[in-house]
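Protein chains: 4
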Amino acid sequence: MVMRMKTIKTAVVGASGYSGEQLVRLLLRHPGVELVALTSRQEAGRGLGEVMPRFRRWPGVEALGFMEPDPSAIAATGAEAAFLALPHGVAAEVAVPLLAAGLVVIDLSADFRIEDAAVYREFYDHEHPAPELLAEAVYGLPEVHGDRIGGARLIASPGCYPTSVILPLVPLLRRGLIDPSTITTCSMSGVSGAGRKASVPLLFAECNESVRAYSVPKHRHLSEIEQELTRAAGEPVRLTFTTHLIPVTAGIHTTTYASLRPGVGEEELAEAYAEAYAGAPFVRLLGAGGCPDTKNVVGTNFIDIGWAVDGRTGRVILLSAEDNLIKGAAGQAVQSFNLRFGLGETTGLL
Amino acid sequence: MVMRMKTIKTAVVGASGYSGEQLVRLLLRHPGVELVALTSRQEAGRGLGEVMPRFRRWPGVEALGFMEPDPSAIAATGAEAAFLALPHGVAAEVAVPLLAAGLVVIDLSADFRIEDAAVYREFYDHEHPAPELLAEAVYGLPEVHGDRIGGARLIASPGCYPTSVILPLVPLLRRGLIDPSTITTCSMSGVSGAGRKASVPLLFAECNESVRAYSVPKHRHLSEIEQELTRAAGEPVRLTFTTHLIPVTAGIHTTTYASLRPGVGEEELAEAYAEAYAGAPFVRLLGAGGCPDTKNVVGTNFIDIGWAVDGRTGRVILLSAEDNLIKGAAGQAVQSFNLRFGLGETTGLL
Amino acid sequence: MVMRMKTIKTAVVGASGYSGEQLVRLLLRHPGVELVALTSRQEAGRGLGEVMPRFRRWPGVEALGFMEPDPSAIAATGAEAAFLALPHGVAAEVAVPLLAAGLVVIDLSADFRIEDAAVYREFYDHEHPAPELLAEAVYGLPEVHGDRIGGARLIASPGCYPTSVILPLVPLLRRGLIDPSTITTCSMSGVSGAGRKASVPLLFAECNESVRAYSVPKHRHLSEIEQELTRAAGEPVRLTFTTHLIPVTAGIHTTTYASLRPGVGEEELAEAYAEAYAGAPFVRLLGAGGCPDTKNVVGTNFIDIGWAVDGRTGRVILLSAEDNLIKGAAGQAVQSFNLRFGLGETTGLL
Amino acid sequence: MVMRMKTIKTAVVGASGYSGEQLVRLLLRHPGVELVALTSRQEAGRGLGEVMPRFRRWPGVEALGFMEPDPSAIAATGAEAAFLALPHGVAAEVAVPLLAAGLVVIDLSADFRIEDAAVYREFYDHEHPAPELLAEAVYGLPEVHGDRIGGARLIASPGCYPTSVILPLVPLLRRGLIDPSTITTCSMSGVSGAGRKASVPLLFAECNESVRAYSVPKHRHLSEIEQELTRAAGEPVRLTFTTHLIPVTAGIHTTTYASLRPGVGEEELAEAYAEAYAGAPFVRLLGAGGCPDTKNVVGTNFIDIGWAVDGRTGRVILLSAEDNLIKGAAGQAVQSFNLRFGLGETTGLL
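Chains as they are written, first to last, in my numbering: chain Z, 11 to 360; chain B, 11 to 360; chain S, 11 to 360; chain U, 11 to 360.
Hint data in this document are derived by calculation from the structure and do not stem from the laboratory.
Heads up, a few of these hints could be off.
Which copy is meant is left open, because identical chains are indistinguishable; a pair holds if it fits in one copy or across any two.
Here are the computed lysine to any residue pairs in the SDA-like style, where the Cα-Cα straight-line distance is at most 20 angstroms [to be verified]:
| # | residue 1 | residue 2 |
| --- | --- | --- |
| 1 | 19 | 156 |
| 2 | 19 | 75 |
| 3 | 19 | 206 |
| 4 | 228 | 80 |
| 5 | 228 | 110 |
| 6 | 19 | 274 |
| 7 | 19 | 90 |
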């Protein structure tokens, strides 16, 4: 006899994009979840297996279909939690009524990641649609804010790039091992990060055999990266950050440089990481000289982190790899969901 | 009546690798070249079209085949110039007798790039095999050393990464627009850069859907990069440089950061580039905000350079893209060859 | 309180190749399996997470390492079942002592797939190493031989191509809906099918942006394909079959043509498939006009099958897609294992 | 002194798609061509180098820009020839006034490939827009209709798939070596074949790691394939033909099967090919057992053809590879242009 875990009735709002699809994949197999609503303006009325043929014949799929993203209809399903995989701006509009209806909201958009509405406006080019909620939103990076996620009503799940930049830096900034004014970062992302939208620059024939930087010099994700690094450093942090599109479907690799404080060496770095991530089930520390490879993390919620001291220049080189749609989006959101509902951090993710 | 250009009898030594193949491709169509010898230890005795089926039926191919890399046999063909596409260490051994036999040698290996034999030993882990030749070797980067190439007997053609790192930096270092102690660089290369050798980590199934850094923190190419940046800056330059393998066959993208000297802005940068590369037919300046894409340079000898000022941090972001096998290897070698033999810099390359 | 399924002590012999890796992945998460031995001549003595970094931090991985493929040492672990992911010829040599030691053997090589030792010799160019075992070996295609797998001591798991060719044809041949003398097949496979071995033609730079046929006209897998089609048709079947290498890591797509018997139309085809695969949890029938896409099956044990009547020529077009390493290898082997040990066909596979 | 070839003033109408881009690439370097007009509704008013950055700094590019596709404006440039790289239906509308203005028209669309307007309607779902021109249009496959191209006013350049299917079959059908009722064909194409249009199914993240058939069972190209095979066989030919999308940018591989007439063997096949393509500079015969690889033809106007006799079934296996945008589109059109204007078949193409 198997005793089933208590299940949380859950909705995925905006389930037809790439992050939505990964949410559905993870939640279908999550022993603590009952999927009660999938929404998609475009696919409303169609069955899940019809829209996403890869899910056909999975247990539980036949009963599932897409509905309109109507907040009261979502609430009427009895959903206790809703994941929002919507464009920024739109997400906040849906979050407000869902919160009012008593749901816990885990938002994968940028809408509630930035504490300061002025910074949001600077980076996203419009007024924040629900500034009154910013104070209570929790930045859903479990390895950093795990203690605050448990009681949250509104979780702002981090961006894909920020996760890969913040996690390698936080332990070093907290201990003052690096000079925060010297941080420079290069990230490379798979094309799924740009979303499932008809667009010539995202065509196979445009992205294959191609590498290019974009959003130079001020990618929107800088806003949340700097917010979190500033918090860790205890002083304002500004960094240079460039994103590149490379021909893989999934995966982000981030390489970061910073000058070490005098006297800091491999031992201090190893100690900082070991202590910071001792209890983090999804952070895999590859150690000094370890070079993460996206193919080892794609399809999982792991982030792999390696580092090296460049003795010739006094800098540290930080390397990280994650699946942009999982640890960088859907998986991380589920990880926060697990913490929020007391389900065990790794449930449905290993 | 068409008057043919005078042709130089030319050998390609080590013609069966990826750089060798590009040399053959370019030289077959070069109006100033008569290919008189192709060597390959492994393919000796076989026809060119048999070993490289893509060249079958090209004009002139049927008569060509591979011979052993025997210097006296090469000299006996009447070759006036030899391109060496051999591993480091081996190249010097072949260069010595070919130079002695009166040939001009254009070496694509690292053997003659480093002026200081001690630096060579530090980075390549063995004694330099022909240190007496280092003084006369010319670093074959035509945009920087064009004036010295014309009279050279021994041209050391630059590495693929160094070309993409040095060309964006030299104009800024020469004018003192950036602080040389703040340079950090990220490069991403296609897999052909690792050569045509049986190796599990280079298999399709290992490289596809994968990104990873390698040779961290001290890639061998740092030695020539720092030599050339030091020369341009007029003071010692040390930088942090990381190479990444990405799933494209050809192409290198390099992103470099450096702190601007106080008061330097877009105008000074644009002026520096315009002046430095006014006469450079293969440098395409994309201007401020321009983001090069490897797919626009692959198959050509162009390097595309863009830049952006990150006003928030006072840094400049430099972006460059080239074909690692052409501007990063075979094409650049032919460009030097053209200068050496007075054939017009772009002959056979446009 | 959760009552655990009874677990079978299991060994994977030859665990360091691509099929072995998928076996390890599936068995690590299989609730009815306790992995007691992983062997690899090359990796003996190393930890699983060290050799395959993608498995680091998975539950149960830390205790696992590779040992030499010594049959008595394998038997001494108490293993009740062994999966063999070894080259043909080698597999039989290991199977004999393991069977003698009382283990159930599930062999992923070709060694026990062919009932007739003469056919084996014709296609594999050497004498069969253990012909005395051929009579009792069961061809482990659960959708066809499910009833015989339950009692088998030696299961010969089918090849990747054969699975994709046989499953779409068997229902039509059994009912006599097509003319067996008219079958022609084109298969396209990802590069992982060629194995994890250092080889120039399998390099990324050789396979990317490339499509080519190979093993023309007599691929070894024809032997088992024809054996099974002959069995289904009740008369000798010979077909033309060509395999192509395409630049994907995983996945096989097979397109098959055959002339329909007079009077046969879409209705008869649909009925034949519905009846044949009503109880087959891993066969997804896309129906008339359905075009399977490998990306919907990669990472799963599903095979997707679609078909279309070409009324202009009287032929049927059969389309199938599977993951060559899962339904085409490791997943199918686990499916047979489940049937053999009465664990529920889909255990650990959905 | 170099005497220049007489140049033909030439227009490319619809120059911003993938075929248009290849036309521009080839014609820019064609010694017998002066490009006088490039049209694109979408890009009118912009410079060529701006729209297609890969052409920046090529000789002659700076002066070129896009104009509206207005036939009288095109004629006013003095153009003697126009290549049309437009969607079917649209091409005919532009061809009529250009022909009236005295230009030679080389149309890369399907509009003038089908001699029978009823067949056109059957396959293209609309009435033919200019049926009066069908009688004089020449199917621009130089290896088959070379003798008629020289005097043509309107050349209908073949489709990408048809070129790869027709050329391997015509020599065998003409000599009656195969049974025309038994032909079955599988083609695999790179994604550029679908054009440069915003479309979700053509996104990198949808095409990468994916293989799928499409337009089953009646691809539009069947109409021209069957027309030409019927002509070669001297009797009506119907075949089964399936197209597959694979993750390469460029390249088509086609595998065709047919039953050999009794007594036909390798010798007769070799002889048929040798005789048919003795004077064809772009057909490379790989011989019996030769397996073409798209990577050997991509970027060129070659088509590589191999074949094998499957003695077990009495069928022949035909294999061909071409660049879908060059021999399958732009290159073949230029080849016809060369024949039409007496410039030497290979001019600008080798």
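Consistency of the hints with the structure:
Taking CA atoms no more than 20 angstroms apart as the test, residue 19 paired with residue 156 passes in neither setting, with 22 angstroms inside one copy and 38 angstroms between copies. In this assembly of identical chains, residue 19 and residue 75 lie within 20 angstroms of each other by CA distance solely inside one copy; the values are 15 angstroms within and 41 angstroms between copies. For the homomeric pair residue 19 and residue 206, neither the shortest alpha-carbon distance inside one copy (27 angstroms) nor that between copies (43 angstroms) is at most 20 angstroms. In this homomeric assembly, residue 228 and residue 80 never come within 20 angstroms of each other (Cα to Cα): the closest approach is 34 angstroms inside a single copy and 42 angstroms across copies.
Taking identical chains as interchangeable, the C-alpha atoms of residue 228 and residue 110 are never at most 20 angstroms apart, the minima being 35 angstroms within one chain and 54 angstroms between chains. For a Cα distance limit of 20 angstroms, the shortest separation of residue 19 from residue 274 qualifies neither inside one copy, at 49 angstroms, nor across copies, at 48 angstroms. In this homomeric assembly, residue 19 and residue 90 come within 20 angstroms of each other (Cα to Cα) only inside a single copy, at 5 angstroms, whereas the closest approach across copies is 41 angstroms.
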